[in-house]
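Note that the protein sequences, when read in sequence, are chains A and B. Numbering-wise (this note's numbering), the first sequence opens with residue 1 and increments by one. Numbering-wise (this note's numbering), the second sequence opens with residue 1 and increments by one.
Take these hints with a grain of salt, some might be off.
[Unchecked claim] In silico DSBU-like pairs for lysine-lysine, Cα to Cα no more than 30 angstroms straight-line:
no. : chain 1 : residue 1 : chain 2 : residue 2
1   : B       : LYS61     : B       : LYS388
2   : A       : LYS65     : B       : LYS360
3   : B       : LYS50     : B       : LYS363
4   : B       : LYS347    : A       : LYS29
5   : A       : LYS19     : B       : LYS61
[Stated by the list, open to error] To give an idea of the interface, some chain B residues facing chain A are shown, with a C-beta separation under 7 angstroms as derived from the structure:
no. : residue
6   : PRO99
7   : VAL100
8   : GLU229
9   : GLN230
10  : ILE234
11  : TYR238
12  : SER324
13  : ALA329
14  : ARG337
15  : ASP339
16  : LYS363
17  : LYS364
18  : ILE365
[To be verified] So the derived label-pair ranges between C-beta atoms look like this:
no. : chain 1 : residue 1 : chain 2 : residue 2 : range
19  : A       : GLY96     : B       : ARG450    : 27 to 37 angstroms
20  : A       : THR67     : B       : LYS464    : 21 to 31 angstroms
21  : B       : VAL463    : A       : GLU120    : 54 to 64 angstroms
22  : B       : GLU22     : A       : ASN15     : 51 to 61 angstroms
23  : B       : GLY299    : A       : ALA21     : 44 to 54 angstroms
24  : A       : VAL92     : B       : LYS91     : 29 to 39 angstroms
25  : A       : THR101    : B       : GLU11     : 32 to 42 angstroms
26  : B       : HIS78     : A       : THR101    : 46 to 56 angstroms
27  : B       : LYS76     : A       : LYS29     : 23 to 33 angstroms
28  : A       : THR17     : B       : GLY63     : 53 to 63 angstroms
29  : A       : ALA21     : B       : GLU106    : 34 to 44 angstroms
30  : B       : ARG222    : A       : VAL92     : 42 to 52 angstroms
31  : B       : LYS360    : A       : LYS111    : 46 to 56 angstroms
Hints were generated in silico from the structure; no laboratory data involved. Even glycine gets a Cβ: it sits at the ideal position worked out from N, Cα and C.
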Amino acid sequence: MVRKLGAMEPELLKNLTKKRATVLYPFEKIELPEAYRGLWSFDINKCTGCGLCAKDCPSGAIELKPTERTKAGRYPINYVSRCMFCSQCQEVCPTGAIKMTPVYELSDYRKKIIDAEAPEGYRYEE
Amino acid sequence: MAELTQIPKTEELKNEYEIVEEMKNLLGSDLLEYKVPRVNRVWITVPNGKHYKAAEHLYKKMGVWFISTVTGLDLKDHFEVLFHLLDMQRKVEITIRVPVSKDKPELESLTDFYPGANLYEREVYDMFGIVFKGHPNLKRLLLAETFPEGEHPLRKDWTPDKWDPKKVPLIQRKPILPEETSDYVLQVGPQTPTLKEPMNFEVIVDGEIVVDVIPHIEYNHRGLEKAFEQRTFIQGIYMAERVCGICSQAHTLPYCDAVEQLLGVQVPPRGKYIRTMVTEFNRIHSHLLWIGVACHLIGWDTMFMYSWRDREVILDLTDLVCGSRVTAAINTIGGVRRDITDEQIYKIRKGMDILEKRTKTYKKIVLEEDTLLKRAVGVGYLNPSYLKAMSAVGPVIRGSGVKTDVRYDDPHFGAYDEIPFNVCTSDMCDVAGRLVVRVDELIESINIIRYILDHLPSGEVRVKVPRKVPPGEAVSHNEAPRGEVFYYIKSNGTDKPERVKVITPTMANLLPIIESCKGHYIADFVLNFGSIDPCIACMCRTTFIDISKSKPKKWVWTDEEMRRYGIEWYQNRGWRR
Chain A
1 MVRKLGAMEP ELLKNLTKKR ATVLYPFEKI ELPEAYRGLW SFDINKCTGC
51 GLCAKDCPSG AIELKPTERT KAGRYPINYV SRCMFCSQCQ EVCPTGAIKM
101 TPVYELSDYR KKIIDAEAPE GYRYEE
Chain B
1 MAELTQIPKT EELKNEYEIV EEMKNLLGSD LLEYKVPRVN RVWITVPNGK
51 HYKAAEHLYK KMGVWFISTV TGLDLKDHFE VLFHLLDMQR KVEITIRVPV
101 SKDKPELESL TDFYPGANLY EREVYDMFGI VFKGHPNLKR LLLAETFPEG
151 EHPLRKDWTP DKWDPKKVPL IQRKPILPEE TSDYVLQVGP QTPTLKEPMN
201 FEVIVDGEIV VDVIPHIEYN HRGLEKAFEQ RTFIQGIYMA ERVCGICSQA
251 HTLPYCDAVE QLLGVQVPPR GKYIRTMVTE FNRIHSHLLW IGVACHLIGW
301 DTMFMYSWRD REVILDLTDL VCGSRVTAAI NTIGGVRRDI TDEQIYKIRK
351 GMDILEKRTK TYKKIVLEED TLLKRAVGVG YLNPSYLKAM SAVGPVIRGS
401 GVKTDVRYDD PHFGAYDEIP FNVCTSDMCD VAGRLVVRVD ELIESINIIR
451 YILDHLPSGE VRVKVPRKVP PGEAVSHNEA PRGEVFYYIK SNGTDKPERV
501 KVITPTMANL LPIIESCKGH YIADFVLNFG SIDPCIACMC RTTFIDISKS
551 KPKKWVWTDE EMRRYGIEWY QNRGWRR
């Protein structure tokens, strides 16, 4: 019995020869644009300690800590687990000390804090 | 007659002043105050009791049939209730302000003319304790039914300390059934595998036919309107974005627009165009998502996979322009946060070419493929006049042939007053009609994006704004993928808003969709509810009521008992497993 093809069958046949749409994730990685809002990065040498980032942060992920290296005597740290990656801090920063990087692999066994004074640039929440 | 920030009558404001004149003639000295702060906006203040007369005149004589929402306000010494009506003919958003005293918070309900105000008035009653006289079903809506009497959380003097959540009794609903019937109640939700949001429906069924549906939407009240009051205007943008994950851009646009109205700033043209473009990205990805979900709900997962694969194209473009796939966060007060480059424009154009080709395939499938049409045609019929009475919004009302679209009716929130586009409608009035409207809107959105890229103005994308917002109030709305999103913002001169009111399209469409389910099979619910997201999936428990005896007997089965009963029933009839 021959039936006229519906609207979907040609579509199905076309897709037989197509490449798969998914990516084998841990082995292949997709390229993210430069401006992707991922992990927080902070340059303490540019920071003036104005505290605008902490004031505007919608989720309260930024806390100010005392230091001698900035003009106002304080610098921000970022609780990665609370951050919602809106990049308002990057936007409000007058000197460009804060940047969001296209790093998206943030899973960890413990809660991470981005802290410029910590030896490796981050430390874990106790 | 006090006149506040008032634009004098000009040729451009002819429609606005026509409404003011009509109200002056009708109410005389009862019109306490009016103002026309900008084009498309009229605010009138009438004493309690006269708003009914004003609304009657607007509805019967002037053809204003759409109510956006009802807002409650606590102004320390008295309450105010604002009825926001949208005049589609004259393209004017009319706000009727009614002061209500705190000693006797009562006023007449407008549900006589605007049955669609039903849920909105219930919400105001719930949050402020303002009683609407003549309302058909004045009960709590967003808070649990068992929430203590007299506790209304959006009142300024209410604090959470007064309220102990442990003392609130659990919800124990009595099944509501008419007497002398063989019906039973099917409990759907609040937790079912395919119901996206925690909603509960009490579905009264007679055999396989649905007789009535009672929605309960109080399970996930997040208190966002209260939370807005504790955040600054800038933090509020990201709050607004998280009201709905899918319509993220659609919420920030009216929020920022309303704050800009309060500040009196104009967004530069390039900023406006980029905003509008991202709003259309948002619409494309939401509609492709919905087409996939609709096909998934009828069990056609091939199509679901295809449409979600193509949705990746638009998500990658959003990622490229805004820096994230779903939460665009591109709007800010005074413009947009990021400019677009020529390289991005090239990539967007290429993406639009792919999407156009794919959308044309979808249109063919929607119009011709039996797999879909046999489930969609004739299901969930909604009469256009009924939808107009209920003030339904979005593809639901356009799927019944009513040509309403906020982008067309009040285009000043974005760049829609400069961009040509069609308002897509369908006269099929059923689920298939809503599908066709959504697919047509995809093509329309692609054309809008192409027009924006061709006509993108040069210059700045944002203006600097102060942190403190001068006192005042503003309304703004946007056509989200699902319908009208409405924002009312009142500021008091600080950097925090005094009141933010949000209304989302699902609230407006809930009652009409429920109406359309009546008389259909339970199986058709799935697709029918799908057009507003929730759906019926499984039965968590069944309540039986035997009302043939003089003393009605009630019992409840778990699903295990139900399964055993089913197996025995078939075995008794000679069926083998």
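Supplied distance hint 44 to 54 angstroms, evaluated on CB atoms of GLY299/B and ALA21/A: Violated - the Cβ-Cβ distance for GLY299/B and ALA21/A, about 21 angstroms, lies outside 44 to 54 angstroms.
Verdict for ALA21/A, GLU106/B (Cβ pair) under range 34 to 44 angstroms: About 59 angstroms separates the Cβ atoms of ALA21/A and GLU106/B, which means 34 to 44 angstroms is violated.
In this structure, is the beta-carbon distance linking THR67/A and LYS464/B contained in 21 to 31 angstroms? The hinted range 21 to 31 angstroms holds for THR67/A and LYS464/B, with Cβ atoms some 29 angstroms apart.
When the nearest CB of chain A is found for ILE234/B, is that gap smaller than 7 angstroms? 5 angstroms, holds
Double-check GLN230/B for me: the hint is only fine if its C-beta lies closer than 7 angstroms to a C-beta in chain A. Hint violated; GLN230/B Cβ to chain A Cβ min 11 angstroms, cut 7 angstroms.
Sort out whether LYS29/A lies within 30 angstroms of LYS347/B, counting only the CA atoms. Distance of about 20 angstroms is within 30 angstroms: holds.
Between GLU22/B and ASN15/A, does the C-beta distance stay in 51 to 61 angstroms? 59 angstroms, holds
30 angstroms limit on alpha-carbon distance, applied to hinted pair LYS65/A and LYS360/B: Not satisfied, since the Cα-Cα distance of roughly 56 angstroms exceeds 30 angstroms.
When you take the CB atoms of VAL463/B and GLU120/A, is the distance between them in 54 to 64 angstroms? 41 angstroms, violated
Return holds or violated for the Cβ distance of LYS76/B and LYS29/A against the range 23 to 33 angstroms. 56 angstroms, violated
Would you mind confirming whether the straight-line C-alpha gap from LYS50/B to LYS363/B stays at or under 30 angstroms? 50 angstroms, violated
Does the closest beta carbon of chain A sit nearer than 7 angstroms to the beta carbon of LYS364/B? 5 angstroms, holds
Checked against the numbered hints listed earlier, the structure breaks hints 2, 3, 5, 6, 7, 8, 9, 15, 16, 21, 23, 25, 27, 29, 30; every other hint is satisfied.
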